[in-house]
Amino acid sequence: MTSGLGAEWAVEDQSRKKKERVGSYYGGAWSVVCLGLLAVVFRFNFSGGMNEGVSLKLKLSLSMVFVEVFLWVVSINFGRLELEEKESVFRRRLVGDLLSIFEEADSTRLGPHKSWTPQLEPKSEYKGLIDYLSHALLEAWPRSGMSRKAEAMDSLAKTINALQAAIINGQTDSSEMTAAAKDEGFSSKQSKNVAVIGAGVSGLAAAYKLKSNGVKVTIFEAEGRAGGKLRSVSRHDLVWDEGANTMTESEVEVRSLLDDLGLREKQQFPIAQNKRYIVRNGMPVLIPTNPVALIKSNFLSAQSKLQIILEPFLWKKNESSKVSDADTLESVGEFFQRHFGKEVVDYLIDPFVAGTSAGDPESLSARYNFPDLWNLEKRFGSIIAGAVKAKLYAKKEKNGEIKGSSEKKKRQPGSFSFLGGMQTLTDTLCAELGKDGVKLDSKVLSLSYCYDGKSTFENWLVSYASKGGKHAQASSYDAVIMTAPLCNVKEININKGRNRFSLDFLPQMSYMPLSVIITSFKKEDVKRPLEGFGVLVPSKEQQNGLKTLGTLFSSMMFPDRAPKDQYLYTTFVGGSRNKDLAKASTDDLKAIVTSDLRQLLGVEGEPEFLNHYYWSKAFPLYGKNYDLVLEAIERMEKNLPGFFYAGNHKGGLSVGKAIASGCKAADLVISYLNSSADDEMLKNE
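Using our numbering, you'd call the opening residue of the sequence shown number 1 and step up by one each time.
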């Protein structure tokens, strides 16, 4: 094996036929470094550090690879070679020396055979491992920062040790050796480190995607638990959710995440989830499941039905004057009243937005709360006509996908939860990230962006205080994903260089307070039980004495959530409709909920069990000024390199939207790190 100490070695580029000398410029220095490394490595290999059973030849080979990879990368790093030539040099030299290891592996597997001269290309069975090591080591090698160089050397040592163990254990084929190297050694992203602030579902999803792409991630969570608004409890043979109760697979990121986490077998779909009720004249009424059924039912007046039927004709695209610029800034109530009339707003839209965002139609922005319908109007004029055309197009596209694929798994549509509740999702994410990857009870105090012009990475300093800690701690990161609510972001000191980065441009956010009351009743005490998903209460029904926003029939949806002789209910109180009521005492809320359930379901007596959880900031309000919120987030990201924002303040309130937001932020971070690495490499040439 050629040592390469202080030697001149040439690289022939087959396309350009050009040779450049590199090693001689640094031969003396590299010789000194090599002697030191040889002493360390040989001491490790011959003092018991290497597993017994490995031949002397293999020990020498592995030791020299360890030393020479270090020398080659440093030489290449400081050499005047083009990018494509660098990898060519590195790959050719690495191939030549690793072949000796592979020869030993062949001897272990097949028995002694004649030695053969190392060639420029390895046997095909080892090509995957060669490609992996040559590319990953070259890309991962840091260009500055001694701490990162030490980390890189440690990763290289783990790679070599993994190869040793693989050979000893008989894992001598290419795929097994490559897997061993990847598990313990370098990856192209391993030298990069990202901080995620907030351990809600968006932060956990972002961290999981980063880790899956080889990025080292640390999550900081101020609370003593992870999961955010996904909060499941199991007690007294009851299982309930104090936050989000269900989610959907409407986002592609959700589907990918469920597949990657292996959660398909734990999904729970509600029984008769299409049976949903809205209160009308003080009593629950089953909602028709489609527009045709709605027209045939007695739920709406004849006038409202006629307005729905005529909507495609009254709002044609060619009558562009019908959709004015002012209309694009209107509220949810104004938007739907233009198309369908006030009754539809009062008895369909109002209870729906109360159930999904705890808001009201007049406070919410149509553009940001119903973006799909808003875009349909911009494109087609008519919401109904646009929805029909979009559905036909989606069906045609889906049929094309199915024809082009032999294995399409059928997904059950609609809402779902998990065995054990929604927190199963975030618990699984935490388990994948590991205990060391999530710092609980760790409140971030400040973020400092530092850039000295010499290093692209290690730009962010995160200062945080741990519960019980006497002093603040700090760690450096290449990028930051912020998922905390904007009201909490304002409390963090952010510095850019030596100057404080003012967040005065962040608009004031409004949040909806919400109380969640869990009750269980003996089945014989519920005289009019309803099968289905749940019941929503329109604002107008307050005149009939109802004060709750709605109730989910938890044990009807998921029978395993309560004993067979009980019904379990989840009731919501507060929101923009009754903000003060959300903060009421548990005793007062017990009386309110019991009164409403008595009127709607005929419950008698007192609940067998009651639990109350209060969210002071259950949902951010996507109001008419929400565009200012998005502009402020964009301004932060634009002015703070390596800073990205995700969560339910950006892109949607649902669990699926929050997951998608986190995954998209992770994609942006990966692109940022890769582009920064490319820029740094070009700068060093």
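Any given hint could turn out to be false.
Unchecked claim - Quick list of in silico lysine-lysine cross-link-like pairs, DSSO-like style, CA-CA up to 27 Å:
no., residue 1, residue 2
1, Lys229, Lys496
2, Lys389, Lys378
3, Lys490, Lys547
4, Lys564, Lys527
5, Lys540, Lys467
6, Lys547, Lys617
7, Lys296, Lys664
8, Lys342, Lys523
9, Lys579, Lys523
10, Lys638, Lys579
11, Lys275, Lys650
12, Lys496, Lys216
13, Lys564, Lys583
14, Lys540, Lys296
15, Lys275, Lys664
16, Lys296, Lys443
17, Lys579, Lys564
18, Lys216, Lys624
19, Lys275, Lys490
20, Lys275, Lys467
21, Lys342, Lys540
22, Lys496, Lys527
23, Lys527, Lys229
24, Lys624, Lys638
25, Lys547, Lys496
26, Lys275, Lys378
Honestly, the hints are just simulated from the structure, not real lab data.
Any hints from earlier that this structure breaks? Give me their numbers in increasing order, please. 1, 3, 5, 7, 8, 9, 10, 11, 13, 15, 16, 17, 18, 19, 20, 22, 23, 25, 26
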